[in-house]
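So you can see what is in the structure, the chains are spelled out below.
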Amino acid sequence: MTPRALLHDVGPVALAAAAFVLGWKLLVVVAGYPTFVLPAPEVVAQRLVTAWVDGTMEPHAAATALEVAIGFSVGSTLALGAGYLLARSPLAGRLLSPYLVAAQATPILALAPLLALWFGTGLLSKVIICALIVFFPVAVSAMVAVRSVDRQLIEMASAFGATRRQVVAGVEIPGALPVVFGGIRVGATLAVVGAIIAEWAGGEHGLGVLINLARGSLFDTPLLFATLFTIAGLGVGFYLLIVLVERRLVGARG
Amino acid sequence: MFGVAPADRGGRGRRGAVFALGILVVLGAACQGRAGDTSSGAAAGSGSAAPTPLVVGLGYIPSVQFAPFYLAQQAGYYRDANLAVTFENKIDPDLITLVGQGAVDIGIADGTSVIPAVSQGIPIRYVTTIYAQFPNIVYAKASSGIRTAADLRGKSIGTPGKYGSSWIMLEALLASADMTPSDVDVRLYPDFGQGTALAQGAVDAATGFSNNEPVVLQLSGTPVNVLHADASVPLPGNGLIASTATITAKHAALAAFVAATLRAMQEIKADPAKGLAAAVAQVPDLGKDQATQRAILDATIATWTNANVAANGYGAIDRSAWAATVSFMAKLPDGPIAGTPPTVDQLVDESLLPA
Chain A
118 MTPRALLHDV
128 GPVALAAAAF
138 VLGWKLLVVV
148 AGYPTFVLPA
158 PEVVAQRLVT
168 AWVDGTMEPH
178 AAATALEVAI
188 GFSVGSTLAL
198 GAGYLLARSP
208 LAGRLLSPYL
218 VAAQATPILA
228 LAPLLALWFG
238 TGLLSKVIIC
248 ALIVFFPVAV
258 SAMVAVRSVD
268 RQLIEMASAF
278 GATRRQVVAG
288 VEIPGALPVV
298 FGGIRVGATL
308 AVVGAIIAEW
318 AGGEHGLGVL
328 INLARGSLFD
338 TPLLFATLFT
348 IAGLGVGFYL
358 LIVLVERRLV
368 GARG
Chain B
2 MFGVAPADRG
12 GRGRRGAVFA
22 LGILVVLGAA
32 CQGRAGDTSS
42 GAAAGSGSAA
52 PTPLVVGLGY
62 IPSVQFAPFY
72 LAQQAGYYRD
82 ANLAVTFENK
92 IDPDLITLVG
102 QGAVDIGIAD
112 GTSVIPAVSQ
122 GIPIRYVTTI
132 YAQFPNIVYA
142 KASSGIRTAA
152 DLRGKSIGTP
162 GKYGSSWIML
172 EALLASADMT
182 PSDVDVRLYP
192 DFGQGTALAQ
202 GAVDAATGFS
212 NNEPVVLQLS
222 GTPVNVLHAD
232 ASVPLPGNGL
242 IASTATITAK
252 HAALAAFVAA
262 TLRAMQEIKA
272 DPAKGLAAAV
282 AQVPDLGKDQ
292 ATQRAILDAT
302 IATWTNANVA
312 ANGYGAIDRS
322 AWAATVSFMA
332 KLPDGPIAGT
342 PPTVDQLVDE
352 SLLPA
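Chains A and B are the protein sequences, given in the same order. Quick note: the first sequence uses my numbering, first residue 118, plus one each step. Quick note: the second sequence uses my numbering, first residue 2, plus one each step.
Hints were generated in silico from the structure; no laboratory data involved. Hints should not be assumed to be uniformly reliable.
To be verified - Okay, the calculated beta carbon distance ranges per label pair:
#1 A:G149 / B:T87: 21 to 31 angstroms
#2 B:I62 / A:L226: 11 to 21 angstroms
#3 B:E89 / A:Q221: 26 to 36 angstroms
#4 A:A134 / B:G288: 31 to 41 angstroms
#5 B:D346 / A:A179: 34 to 44 angstroms
#6 B:D335 / A:A179: 12 to 22 angstroms
Stated by the list, open to error - Covered stretches of chain A, as calculated for chain B (at least 3 residues, CB under 8 angstroms):
#7 149-160
#8 233-245
#9 304-315
#10 330-342
The C-beta atom is built at its ideal place from N, Cα and C for all residues, glycine as well.
Whole structure, please, built from the sequences with the hints as guidance.
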């Protein structure tokens, strides 16, 4: 990437970030908010650096990243299979769709304590919660994507003697990928939300646990903000990773 | 970078900046709204005829434990003091921040939470003791053989998390027997299921409140042993807190509120049925099992008194207990105090107590 292209790409993002920080600082100065209500950006930045340097943040961030990675992988893999089944089997669609929608409509916040009770407060319950929250958008996007693949292409491939496996690998998957990745992008951000909710339901490590500590025990509002920025950074990083994979497989979106 | 079409990137960057500023404006308006509530309340307090509005923060769930507040409201003690009191139920961390901000005028909070909050610069003071005995305890079935803190060595203890008043109490209790949490098997129940776990035999002991879980378990026919940390470290129990600004702006109103509440406490101690009736009137659901609620109220009344209160009256603040607690919490390796530990003068304010 040339410097000019990089500037073109990153410039607007940096401009928006600078405007946000400037507005935030102005708000704190003009309104005179104390640190425990709204800390200034430099206070949060300093706390963010301190929390990483003194080792407060790292174990929590690592725990959450692991939960997100495993939960997203499990949830999206199962969802892709389910989405394909829903698209190609009307019976499966009729049987499973109502339950999928009902599961999605049930607040994960209410389910999380139950799952922690059944599966403990370790990694398993967190992976399940992440997988559950990722499942619906990925499954629905996969179903829509497979259904939207041009029937004529499939028929043409079959007419040329392609096996079922060759049709799936050569026609359906490439045709469905752009739409599937739309759901995967949504799922990637939701996976981070799922991990935080799971950590609120129990556990010793994780950025959700650190939020509870900062808010409920330490009354450390700058640390609370620093943790929120770390969560946002984790979400953005994970999202960008998905975008990179998408670009490799599908190409840049217009 | 996010898959935006090149021709549209500049426009989206500008829109992003506008959106970011928009978020800040909304955030500012929300914060300003709360600050505005405070100033209007303070202004009303300066009037002579109109009742002074007071927003009072109680614990998360309306309960018989708040009977003095309900009785004072229903019997008109607050009204007679020219106060217009409204109750809000909040969890401890939210309440402390809201009180510090001035959005809640006075509220009941745990003493061990006040110390880290003040160390972080939240301008609050503990103004009246309600629970003279620290209500957080460890309890076990009598059949477990756990009778003292030393008996906990190697045992499993259920607790919601390694933070907050229960955790501080557990550390104090274990320290009294020369132990640390590493000498026991701590099991976390963030959904507060440690009581159920104890009842089902999943843990040997659990943290709880002296006026709640052990009372209920005992009533169900299971004899219980209760371990208090007060003997080793006299931790300050829940009491009323207010912000320094509110104490100044509404001093007379807050003092009248404290006096009316203490009057209700004395009346309930003399006649607990009065407190139960007030609680049922406030929260009709409590009337479904009045025997249990009465037992909880009796246990609550017992926590209102200790040697200091017996000598100085309801509401009295034990400064030596506060000093001992600050000293204890400052020594904890994972202690919640930030920086230099606050002094007792930075934590308590006795000016609202009756002379």
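For each hint, the structure was consulted:
1. A:G149 / B:T87: 21 to 31 angstroms: About 27 angstroms separates the Cβ atoms of A:G149 and B:T87, which means 21 to 31 angstroms holds.
2. B:I62 / A:L226: 11 to 21 angstroms: Holds: the Cβ-Cβ distance is about 18 angstroms, inside 11 to 21 angstroms.
3. B:E89 / A:Q221: 26 to 36 angstroms: Holds, at about 33 angstroms.
4. A:A134 / B:G288: 31 to 41 angstroms: Given range 31 to 41 angstroms: violated, Cβ gap about 56 angstroms.
5. B:D346 / A:A179: 34 to 44 angstroms: Holds: the Cβ-Cβ distance is about 42 angstroms, inside 34 to 44 angstroms.
6. B:D335 / A:A179: 12 to 22 angstroms: Hint holds: Cβ distance 19 angstroms, inside 12 to 22 angstroms.
7. 149-160: holds (count 6)
8. 233-245: Held - the region 233-245 of chain A has 3 residues with a Cβ nearer than 8 angstroms to chain B, which meets the minimum of three.
9. 304-315: Coverage by chain B is violated for the region 304-315 of chain A (0 residues, Cβ < 8 angstroms).
10. 330-342: n = 8 at 8 angstroms, threshold three: holds.
Hint check: violations occur at hints 4 and 9; the rest are consistent with the structure.
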